[in-house]
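For reference, the chains in residue letters:
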Amino acid sequence: MKEFEHLMSVWQGQPKRDTLSVDEALKQVKKGIRGITNKLYWGIVAMISLIVCAFIITFFFPFRSPATTIGILIILVTMLMYLSLIVRHYHILNKHDLTLNPSDYLHTLKEYQKKRSKLIGWFYYTYVLLISTGLALYFVEVLESAPVYFQLIVYGSTIIWFLFITFYLKPRMFKNEEEKLNLMIDRLIRLQEQFD
Amino acid sequence: MVEKEAAFKKIYEANSKKIYHLCYGYTGDDDAASDLLQETFLKVWQNLDKFRNQAMISTWIYRIAVNTCLTYLRSEKRQAKDELTPFISENKKEELSEKNEQVALLYKCISKLEESERIIIMLVLDEVPYPEIAEVSGISEGNLRVKIHRIKQKLTELYNHYERI
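For the record, the sequence lines run as chains A and C.
At position 133 of the first sequence the residue is numbered 133 (the numbering used here), and the sequence of numbers has no breaks.
At position 84 of the second sequence the residue is numbered 84 (the numbering used here), and the sequence of numbers has no breaks.
Just so you know, these hints were derived from the structure itself, not from any lab.
Possibly wrong hints are sitting among the right ones.
What the hints assert, rightly or not - For lysine to aspartate or glutamate, the following EDC-like pairs were computed, each having C-alpha atoms within a straight-line distance of at most 20 Å:
1. C:Lys152 with A:Glu5
2. C:Lys108 with C:Glu98
3. A:Lys2 with C:Asp126
4. A:Lys2 with A:Asp104
5. C:Lys4 with A:Glu179
6. C:Lys43 with C:Glu101
7. C:Lys17 with C:Asp126
8. A:Lys2 with C:Glu115
9. A:Lys2 with C:Asp35
10. C:Lys112 with A:Glu3
11. C:Lys154 with A:Glu3
12. C:Lys43 with A:Asp104
13. C:Lys99 with A:Glu3
14. A:Lys175 with A:Glu111
15. C:Lys18 with A:Glu5
16. C:Lys147 with C:Glu127
17. C:Lys99 with C:Asp35
18. A:Lys2 with C:Glu98
19. C:Lys152 with A:Glu3
20. A:Lys2 with C:Glu127
21. C:Lys147 with A:Glu5
22. C:Lys108 with A:Glu5
23. C:Lys147 with C:Glu115
24. A:Lys2 with C:Glu157
25. C:Lys152 with C:Glu117
26. C:Lys112 with C:Glu163
27. C:Lys99 with A:Glu179
28. C:Lys147 with A:Glu3
29. C:Lys152 with C:Glu114
30. C:Lys154 with A:Glu5
31. C:Lys108 with A:Glu3
32. C:Lys17 with C:Asp35
33. C:Lys50 with A:Asp104
34. C:Lys18 with C:Asp30
Let the sequences and hints guide you as you build the complete structure.
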C-alpha cells in the first residue's frame, strides 16, 4: 500500500528526458514560420522561370505572324501580373516575424486572406481569359502545318486542362489554404485573447 | 534581441522539464507532448516583453501550458491515452527499470483523472505553492485545499489498484 508521498517521489524522480535544447527549440519555431512562406517563394521562382522561357521564345524564335508574338506577349504580361501579385503576397507574409509580434502577424494574415480571396475571384478569371487568348493566338501559327486531329488534341486538352483547374483543382487548393489560414488566425486570436 | 534570447534560454532551461511532464500527463503521447512544449514556449517567446512580474513567471508559463494542452485536447478532439507511448515504453526496449515502471504507472493513473483534476495534481506533485495552483487552475484557495485532498486520495487509490494488477 503506497502513500501519496511515494507518488510524489516517483514523479520528482522521473528520468530526465532529452528534451530539445533551447537553441534547437528557437530554431524549430523559426523554421516552422519559414515553411509558411516557402510555398509562395517556390511559386515565385517557377513563375520567373516560365517568364524567362516565354521571353526567350518570343525574342529568339523566328515567328512570321504578328499574332503569335502578340499571343506570347499577352501570356508574358499576364504572367508578370500574376508574379507581381504573388510577390506582394510573399512580402505581406514575410514582413513580420511571427515570433516577435503575434498581433501584427494576425493583422498580416487577415490582409493576406483578403488578397487571396481577390485572387480566387475576379483576378483568376481575368488571368485564365488572357492566358487562353494568348495561347489561342500562339497556336494559330505553331499548329498551322499540323494535321487537324493533332490541332484538335492540343486545343481539346488545353480546354480540358483549364476546366480541370477551374472547377476541380482551384476550389480544392484554395479551400485547403483557406482552412489552414483560418486555423492559424483562430489560434492567433485565441492567443491574443489569452494575453489581452 | 540578445537580451530577450538570454532571458528566454534561462526560462526554458528552468521550466521545460516540468512543462514537458505536464504536457505528457495531459496527452500521454510523447510526440504530442513535445509539440505542446514547443507551442507553449513559442507563446512564452512571443509574449515575453509583456510579462512584468518576474517572481511569478512559472505560474504564467503553467497557465500558458494548461491552456495550450486544453486547446489541443478540445480542438483536435483528442482524448488522453490510457496507455503510454514512446517516452516510457521506448525507454526501454532493453528493460524497464523498476523506477520507469513506476513513472509509467503514475502517468497512467493521472490519465484516468478528470481534466481539471489532472492539472491540479501535476502541480501538487511538482510542489507548486497552493496560491499559484489556485491562480493557474482558477479555483479559490479554500475550495482548492478540499479538492487537492480528494484528488490525492483518488490518485493514490488508482495507483495502488493498478499496482496490484
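When the structure is checked against the list of hints, which entries are broken? Sort them ascending.
4, 5, 6, 8, 9, 17, 27
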